[in-house]
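K.L.:
Chain residues, written in single-letter form:
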Amino acid sequence: MSTAAKHLSFVFACWKMNLAGAMEFRMSFWLQVVTMMVNNAVWIFFWGVYFNRFPLVNGWQMQDVMMMWAVSAAGFGFSAVLFGNAYSLANIVATGQLDTYLAQPKPVLLHVLVSRMSVSAIGDILFGLILFVLFGDLSWLGIVKFAVALCLATMIFTYFTVLTQSLAFYIGNAEGLGHQFFITFLTFATYPTDIFRGIGRMVLFTVIPAGFISYLPLGLLREMQTPFLLATVVAVTVLAVCATWSFSRGLKRYGSGNMMTVRM
Amino acid sequence: MRARDEEHKRRQDGSNGPIMAGLEAASVNERTGRSASHTPWQDGERRGVSSLAVKLAKYTAVGGITVRNHVAYIYDFLLRSLFLLVILYVFLQLWTVTFEGEGTSRIAGYRFDQIIWYLIFAEAIIMASPRLSLKVEEEVKKGDIGYQLTRPMSYLLFHYSAYMGEAAVRLVVNLAVGGALGLFVFGVPDWGFGWVGYLVMAAGAFTVNFLITMMIALCSFWIEETWGIEFVYNKLLFTVGGMMLPLETFPETLQKVCAWLPFQTVVYFPSKMAVQFDALLIGKFFVIQWIWIALLSLLLALLYRKGVKKLNVNGG
Amino acid sequence: MSAIRVQGLTKSFTMKHKQPGLSGSIKGLFKPVVSEKVAVQPIDFTVEQGEVLAFLGPNGAGKSTTIKMLTGILHPSGGEADVLGYTPWRDRQRLAFHVGSVFGQKSQLWYHLPPVDTFELMGRIYEVPMNDFRKRRDDLVERFELGNYLHTPVRKLSLGERMRCEIAAALLHRPQIVFLDEPTIGLDVVVKAMIRDLIREMNREEGTTLFLTSHDAGDVEQLCKRVIVINHGQVILDDSVTNMKREYLTHKTIHLKLAVIPEQPLLLPGVEVVKQKGAGLKLSVNTVETSIETVLAYIVQNYRLEDVTIEDPSMEEVITHIYAKAGKEQGHESSG
Chain A
1 MSTAAKHLSF VFACWKMNLA GAMEFRMSFW LQVVTMMVNN AVWIFFWGVY
51 FNRFPLVNGW QMQDVMMMWA VSAAGFGFSA VLFGNAYSLA NIVATGQLDT
101 YLAQPKPVLL HVLVSRMSVS AIGDILFGLI LFVLFGDLSW LGIVKFAVAL
151 CLATMIFTYF TVLTQSLAFY IGNAEGLGHQ FFITFLTFAT YPTDIFRGIG
201 RMVLFTVIPA GFISYLPLGL LREMQTPFLL ATVVAVTVLA VCATWSFSRG
251 LKRYGSGNMM TVRM
Chain B
1 MRARDEEHKR RQDGSNGPIM AGLEAASVNE RTGRSASHTP WQDGERRGVS
51 SLAVKLAKYT AVGGITVRNH VAYIYDFLLR SLFLLVILYV FLQLWTVTFE
101 GEGTSRIAGY RFDQIIWYLI FAEAIIMASP RLSLKVEEEV KKGDIGYQLT
151 RPMSYLLFHY SAYMGEAAVR LVVNLAVGGA LGLFVFGVPD WGFGWVGYLV
201 MAAGAFTVNF LITMMIALCS FWIEETWGIE FVYNKLLFTV GGMMLPLETF
251 PETLQKVCAW LPFQTVVYFP SKMAVQFDAL LIGKFFVIQW IWIALLSLLL
301 ALLYRKGVKK LNVNGG
Chain C
1 MSAIRVQGLT KSFTMKHKQP GLSGSIKGLF KPVVSEKVAV QPIDFTVEQG
51 EVLAFLGPNG AGKSTTIKML TGILHPSGGE ADVLGYTPWR DRQRLAFHVG
101 SVFGQKSQLW YHLPPVDTFE LMGRIYEVPM NDFRKRRDDL VERFELGNYL
151 HTPVRKLSLG ERMRCEIAAA LLHRPQIVFL DEPTIGLDVV VKAMIRDLIR
201 EMNREEGTTL FLTSHDAGDV EQLCKRVIVI NHGQVILDDS VTNMKREYLT
251 HKTIHLKLAV IPEQPLLLPG VEVVKQKGAG LKLSVNTVET SIETVLAYIV
301 QNYRLEDVTI EDPSMEEVIT HIYAKAGKEQ GHESSG
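Protein chains in written order, with the working numbering: chain A, 1 to 264; chain B, 1 to 316; chain C, 1 to 336.
Isolated chain A, as found in the complex:
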């Protein structure tokens, strides 16, 4: 077997085990999935009430907003289900839990990421898919476009999170900061890109690159905007490089839980 094939078979084995582990507690599994769907439904309520009163948000229709939620929720969902540890990386680094992965002969980042699955995020995936069925374009082209949008969103979510959580290698108490980065990103990814102007809009396509996700409903699903799509592919690549670089550079500084702060 080639190295890539070996890695792939290993990744699949991890995913299978994650799912098996989650299924050990069926009740809790469904509770988490359903709560997450309720959580997201709140925003659908919000936009429902909103569009009941106002026809448009700066050119965005109800359908666009729903597609934005579908892409963001399912994109995040896939990221947290397949690469669940991305979201607790800072904690793993700070508490020295990286040891186990470092002692084993697999690419550390990949191994860490796939070793955990967020159960509640399955609810996010289901939610996104339901929204797509209700509001999306169910033609073949529409489905392919939606799948591409999900892939892009998943990668952006994962790499951005790895990048911000890797801060834990460099500063103390990065868990809180990493979480703030994440919820900020998530927030920006779930509002129409076009309500932001000026600096805010610039931030969305640079520091907090959530704009590449929130604009997918217009730039890819409604009509293919080549410049936007090219920019998104570049953004994904840059994020991927930065994330893996800062992680592997951080490994050299890894202190295995010894970098504690002393209270005086």
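Derived by calculation from the structure, the hints in this document are not laboratory data.
There's no promise every hint is true.
As the list claims (entries may be wrong) - DEER-style ranges, computed between Cβ atoms:
1. Val196/B x Gly142/A: 52 to 58 Å
2. Lys6/A x Leu85/B: 44 to 50 Å
3. Val33/C x Met202/A: 35 to 41 Å
4. Trp260/B x Arg53/A: 21 to 27 Å
5. Ala41/A x Glu36/C: 50 to 56 Å
Since this is a predicted model, take the numbers as computed values, not measurements.
Backbone N, C-alpha and C define an ideal beta-carbon position, used for all residues, glycine too.
Given chain A's structure and the hints, the job is docking chains B and C onto it.
P.N.:
Showing chains B and C alone in chain A's frame:
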């Protein structure tokens, strides 16, 4: 990998330990203040007479120590309230665009600045609400509740004091952060008695919030996990409680339904009174809020009594 | 051939000190107060292939840090290490194929799944061909007697059962070196004995090099031939277990039960009364200064004796003794 999840949950709920510390300190107070023998008690009522002042001092002490304890975590609070800024920024943009699209100066009776201030006040309350379910659930599960019952203090009132103390600190921080943004964007607001209205309503709002959250938490006497219910309850506050949108923007039938639910008293009442103070309306709000408080207190007391009875029968 | 060769390996951590209060936190954000803490001072040692080595030291002595450097988990601050021909922190991944590790307090097993699932994943992680993997697994299952709970979720296993599974999981890929960090911690006597048997057998049959840290003197006594003791990040003893026992067996303990409570205290050169309770005495005899015969003769002459037992010191006492001696020497060095 669920063990880690649980650990995570517990970590988020970092206030559990300090709360116990608060209890410790408060009961020391009690001991030094009164040397009467400690009769075992089971239903949260202390046998024997204790003056109202001493009792009041006891619960104030619990609240006070909670305040001090949370001031120590102010860095975390500030970090968390950063998110408040993000949300407010997003809504500022959203409503700017919406008012432009409508071309009117008022939407559902609110001016642009009023709707943003409304949001600031509403978010401040929601984000200031302490989480109870994990704390209480643990006390019930581990049987700590039995241990707490041996202390000369009402379990419910103890938690109420701690809850209000924590909520107060968090509310101040949130208002400072949100208020700074509001002042920066709109300058000094002109809502007169709005401040008083907000504070009066907020005290009742947190009380209602406590009563409902506590009832949910006490369900752990009967069911495995309660965080799911607490979660859904919070989402109800977001929506029909009027956090994301003032109730006036809802379709008419929905408004009528909301008027009969307790959720409006937690978010909508205080926020509305802050930005559109009305001496007549506040009276009406006040009465509705306190009717709910009376009703929910009664329910909570009943529930608690039932739970403790179950504890006594089954031995935890 | 040596399996591990370490030269001048050292590691220090930077620690941030948090000032009290809010202003302290804010100051710390911009200008943190940092101090350097040396976890491992430059150390040298060699471990031969097939050797069973005990690596001892009190908490915080630098044991785990050293192991982590030898497995490539931590990058050292200086020095060289060669493990099976690899530099651990540079060739971590390649080295990992030949190394197994059992950390008593960190589980490799998936908590909610039966061990058999983890075993299979381990097979994949270490890229063991399917046929070899099955043979090896069945062999280990038989030797470790895991058959009965191979399909039980790990969370339902007892600590001893879990530890046996941990060790089996670490051996699936036939590692040449196994690092065992506190493998018997928290186990009862019977399970401890069983685990020790297994470890011994593994060393004998497969020639596996074993690198063991433990607080348990029994582990050291029964498993290891050689011992390295470190304290404050320095090697203070590197010798065979037999030598160590001989060298530090300078004291014997005598338990006395006298017929009557003695009127005057027992005073004898080289003898120290460690404990006295009524007519029962515990004496520590320095066999360099005096001999057991002299002491016993003296006692028989002067007291009416009911019972007497003579004991060698336990491994634990020996180790404590080594620490104490090393501490004294260090003290002399710094004061002189």
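K.L.:
For each hint, tell me whether it holds in the structure or not.
P.N.:
Hints, verified against the model:
| no. | hint | in the structure |
| --- | --- | --- |
| 1 | Val196/B x Gly142/A: 52 to 58 Å | 55 Å, holds |
| 2 | Lys6/A x Leu85/B: 44 to 50 Å | 47 Å, holds |
| 3 | Val33/C x Met202/A: 35 to 41 Å | 37 Å, holds |
| 4 | Trp260/B x Arg53/A: 21 to 27 Å | 22 Å, holds |
| 5 | Ala41/A x Glu36/C: 50 to 56 Å | 53 Å, holds |
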